[in-house]
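Chain E is fixed; fit chain X onto it per the hints.
Residue numbers (the working numbering), protein chains in the order written: chain E, 14 to 397; chain X, 10 to 504.
Some, not all, of what chain E presents toward chain X, calculated at C-beta under 10 angstroms: (1) Thr147; (2) Arg157; (3) Phe169; (4) Asp170; (5) Arg173; (6) Pro194; (7) Arg223; (8) Gln224; (9) Ser347; (10) Ala348; (11) Arg368.
Everything labelled a hint here was simulated from the structure, so no lab data went into it.
All C-beta atoms in this analysis are idealised placements derived from N, C-alpha and C, irrespective of residue type, glycine included.
One-letter residues, chain by chain:
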Amino acid sequence: MNAPLRPESIAEIVEAVRAARADRARLVPVGAGTALTVLRPDAEGARTLDLAGLARGATDGVVEYARGDGTITLHAGARVGDVARAVRAGGHRLTPLLPARDEAATIGGVLGAGASGPDRVALGPLRHHVLGLTFVDGTGRVARSGGRLVKNVTGFDLHRLLVGAHGTLGAVLEVSLRLFPAPEEEVLYALETDGARSAATIALELFGARQPLPRYLFVRGPRVFAGLAGRRAQVERDARALVDRGLRRVEQGEDAAARAAADGSTPPGPVWSFGVRPSRCSSLMDALADAGASLVDALVEPGLARVVLRADALPDGSAVDLAAVRATGARVLSAPPEVRVGGASTAPLFERRLRAAFDPDGVFGVPARDVPASRARAAGSAPR
Amino acid sequence: MGSQPTGSLSKSARRALAAIVGERGVRADALARSAYESDGFALAAESPEVIVLPRSTEEAARVVRVLREEGLVVVPRGAGTGLTGGARPTRGGATVGTARMRDVLEVSELDRFARVQAGVVNVHLTAAAEPCGLFYAPDPSSQTACTIGGNVANNSGGPHCFKYGTTARHVLGVTLVDSDGEVHELGGPDQVDPDAGALDLVGPLVGSEGMLGLVTEVTVALLPVPETVETLLVLYESLDACCDAVSAMIAENLEPSAIEILDRLTIEAVEASVLRAGYPANAEAVALIEVEGGAAEVDAIAADVETVARKHGAFDVERTRDGAERKRLWAGRKGAFGAMGRIAPDLYVADVVAPRTKLRDIVAVATRACAARGLKLSNVLHAGDGNLHPNISYDRRDPDEVERVVAAATEIMRACVDAGGSLTGEHGVGLEKQAEMCLVFGDDDLDAMKDLRRAFDPTGFWNPGKLFPVRACREVAHAPLPVQLPHPGGTEKGR
Numbered sequence: 014m015n016a017p018l019r020p021e022s023i024a025e026i027v028e029a030v031r032a033a034r035a036d037r038a039r040l041v042p043v044g045a046g047t048a049l050t051v052l053r054p055d056a057e058g059a060r061t062l063d064l065a066g067l068a069r070g071a072t073d074g075v076v077e078y079a080r081g082d083g084t085i086t087l088h089a090g091a092r093v094g095d096v097a098r099a100v101r102a103g104g105h106r107l108t109p110l111l112p113a114r115d116e117a118a119t120i121g122g123v124l125g126a127g128a129s130g131p132d133r134v135a136l137g138p139l140r141h142h143v144l145g146l147t148f149v150d151g152t153g154r155v156a157r158s159g160g161r162l163v164k165n166v167t168g169f170d171l172h173r174l175l176v177g178a179h180g181t182l183g184a185v186l187e188v189s190l191r192l193f194p195a196p197e198e199e200v201l202y203a204l205e206t207d208g209a210r211s212a213a214t215i216a217l218e219l220f221g222a223r224q225p226l227p228r229y230l231f232v233r234g235p236r237v238f239a240g241l242a243g244r245r246a247q248v249e250r251d252a253r254a255l256v257d258r259g260l261r262r263v264e265q266g267e268d269a270a271a272r273a274a275a276d277g278s279t280p281p282g283p284v285w286s287f288g289v290r291p292s293r294c295s296s297l298m299d300a301l302a303d304a305g306a307s308l309v310d311a312l313v314e315p316g317l318a319r320v321v322l323r324a325d326a327l328p329d330g331s332a333v334d335l336a337a338v339r340a341t342g343a344r345v346l347s348a349p350p351e352v353r354v355g356g357a358s359t360a361p362l363f364e365r366r367l368r369a370a371f372d373p374d375g376v377f378g379v380p381a382r383d384v385p386a387s388r389a390r391a392a393g394s395a396p397r
Numbered sequence: 010m011g012s013q014p015t016g017s018l019s020k021s022a023r024r025a026l027a028a029i030v031g032e033r034g035v036r037a038d039a040l041a042r043s044a045y046e047s048d049g050f051a052l053a054a055e056s057p058e059v060i061v062l063p064r065s066t067e068e069a070a071r072v073v074r075v076l077r078e079e080g081l082v083v084v085p086r087g088a089g090t091g092l093t094g095g096a097r098p099t100r101g102g103a104t105v106g107t108a109r110m111r112d113v114l115e116v117s118e119l120d121r122f123a124r125v126q127a128g129v130v131n132v133h134l135t136a137a138a139e140p141c142g143l144f145y146a147p148d149p150s151s152q153t154a155c156t157i158g159g160n161v162a163n164n165s166g167g168p169h170c171f172k173y174g175t176t177a178r179h180v181l182g183v184t185l186v187d188s189d190g191e192v193h194e195l196g197g198p199d200q201v202d203p204d205a206g207a208l209d210l211v212g213p214l215v216g217s218e219g220m221l222g223l224v225t226e227v228t229v230a231l232l233p234v235p236e237t238v239e240t241l242l243v244l245y246e247s248l249d250a251c252c253d254a255v256s257a258m259i260a261e262n263l264e265p266s267a268i269e270i271l272d273r274l275t276i277e278a279v280e281a282s283v284l285r286a287g288y289p290a291n292a293e294a295v296a297l298i299e300v301e302g303g304a305a306e307v308d309a310i311a312a313d314v315e316t317v318a319r320k321h322g323a324f325d326v327e328r329t330r331d332g333a334e335r336k337r338l339w340a341g342r343k344g345a346f347g348a349m350g351r352i353a354p355d356l357y358v359a360d361v362v363a364p365r366t367k368l369r370d371i372v373a374v375a376t377r378a379c380a381a382r383g384l385k386l387s388n389v390l391h392a393g394d395g396n397l398h399p400n401i402s403y404d405r406r407d408p409d410e411v412e413r414v415v416a417a418a419t420e421i422m423r424a425c426v427d428a429g430g431s432l433t434g435e436h437g438v439g440l441e442k443q444a445e446m447c448l449v450f451g452d453d454d455l456d457a458m459k460d461l462r463r464a465f466d467p468t469g470f471w472n473p474g475k476l477f478p479v480r481a482c483r484e485v486a487h488a489p490l491p492v493q494l495p496h497p498g499g500t501e502k503g504r
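Just chain E, same shape as in the assembly (with noise of 0.2 angstroms):
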């Protein structure tokens, strides 16, 4: 593999993408290399264009940190970590909430993979809070949508085509993101059930009531975790609710109920990651027994249940009946590494175009797609 480019400027990005469309060279931009699923840097010939050096300069990565406007505009290469603890200071929250773990991800390696954390359930997916961003394209143009405020509709909202790309139509140069109160009261409560399977039967029948509405909602395993932010006097009263129900609070202190949820919503290690309406999310889940329903990790959400299975945790021999999942009306969003499942499409069409536009000649590269359901099969007892 090529050596990595470490540029230090936008200019030298730039010259970097013009330098590689030339040589007819991929690049694969990188942040952390924390999640790197879908596009990888050891594919044949192509060179990680390494953007945490993006953020030197600047303080933890902020161009600015409009704290009486409650928004904040980043370099790519600025440290999660280091934005939350910064926005943190001024009475704000960042979404996504990462695991501990995931810290020194950068926020424009966050975008590309358009991860989002356990807050999902009460806030909505990342996508939703990027108010705009600048990014270079396969043709070496810097282009810029949006902007630093938080209700814009001035202009095609490009940057919703970049969150999620994966480093696809371009890399992330500088972007802008709402920011939330940080709330007054923050509790995690869990319940241990028999398996996953009554877990996420709990968490749904949570979901389904309403009252509480949760700022978090998973399982993990064979637990059941909801979480509960806001003003102090309502989390009080919604956490009777929860006791009710027999679960028991198992954080306190400052921000541990978040750093808790954020640490216990994500697997580590490399994941199978599905999709389906709340209410299949049984159905998929039964689907998926034969994978080792203990495994399970599930997250539900407004129109979303997504569930997740460790890869590198599937027992021996057992797999991942792709067939039988999609039955359920479910949907694979992200596979271990080394399998080749997603990005079908729903409209190729304008798909193609799009990448033709930005990026003609493939500098940023197109994500494989759809292996056989067979290679998908054997990824449960792929050694890692």
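Positioned in the frame of chain E, the structure of chain X alone reads:
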């Protein structure tokens, strides 16, 4: 040559359209054409050659194929309540309206989504969700008329978007008819997130002003109706103090669901109208604030809001949780634009955004810009979001006054951009703000946006002549018709 001739409708094509949508669904008479010549942007008008009103996605797709064959371009249209000319033609062609696509197709209580046809009126969607204890959050002032399809086109907001966010945060998927008459399902209840490596195509479609395709069905997220809602009417002796109080609420991280400001002239117009919200006559400005959530949370937030409000000079605070009382207070706000009809025949509604720390500064600019030109200004602000609506009363029959209105509006937009704000918060660029796009975006930014447009619509079939500024002679072929009245900002804008 501002206008590019397009094909005209042949008799056989008209018959073909009628065969698809029925005789009632095709109109080309003078009366119908004049009804579709403009939207809420009254400064310019041009009629479509034909109006087609399909009843379903399938009919819409067939209609598009006929129109395309005829060489006509298409303006998609909801209820025509937009304020920037986005829903009216620039060079003839067809208008495809969603007025007959009003079915709520599905409401899923457990999964919390609804699927509707694009012509469903905003309030009808919330009414359909109500029996499930759910509601649809975006609530534009025009919500009794505007359609979900139009809301998608403009990424519409409304007072409660302060807490819940604009339309983009609530759209899970759309059904799109492209310029070949092909139907695409983007996102939807079973694909809230794009698959790994696939692009989020729903995201950029929301707010694309009808320029990427015709949205015929929309899947939206629904939210649980809050347990408790309290409305606060806060009275001030000056608009500046009212603005400062709101900036302070944002800076102190308070979380009401809506923060609106109405100034004295607006209050007078509302009180003189049938709406009579009971806004007191002795206030120079009122803030209308809503707090939603669990009862204990509402108690705590409302108390904090009142404290900050009084600290910044509020001389009275009225608080109510009574449904009928709340409705009365909100009727004044939602009907404010209509009530302004008492002051002058026409109302120019500006729609600009400022950082929330600078509300007072932009109000001052608007006041100066109008006073210097002898114009009557009133202010309504979605203050919590930094979205200002300086409203200028005028008479469109007076060309000199119209010129002054356009000049004042341009000055306000420039001041917002200079202050780190933007041209539009919820009504889009349309025809009105094309030239000003160059204040916000550079050539590369605009070229990239054009690339997005071409990816969906390579031939400029959908809503041509909108949003993009004309930057060079070579672009004139794609230029819109100029607004029919001279644009006085021509020299000072240095285009």
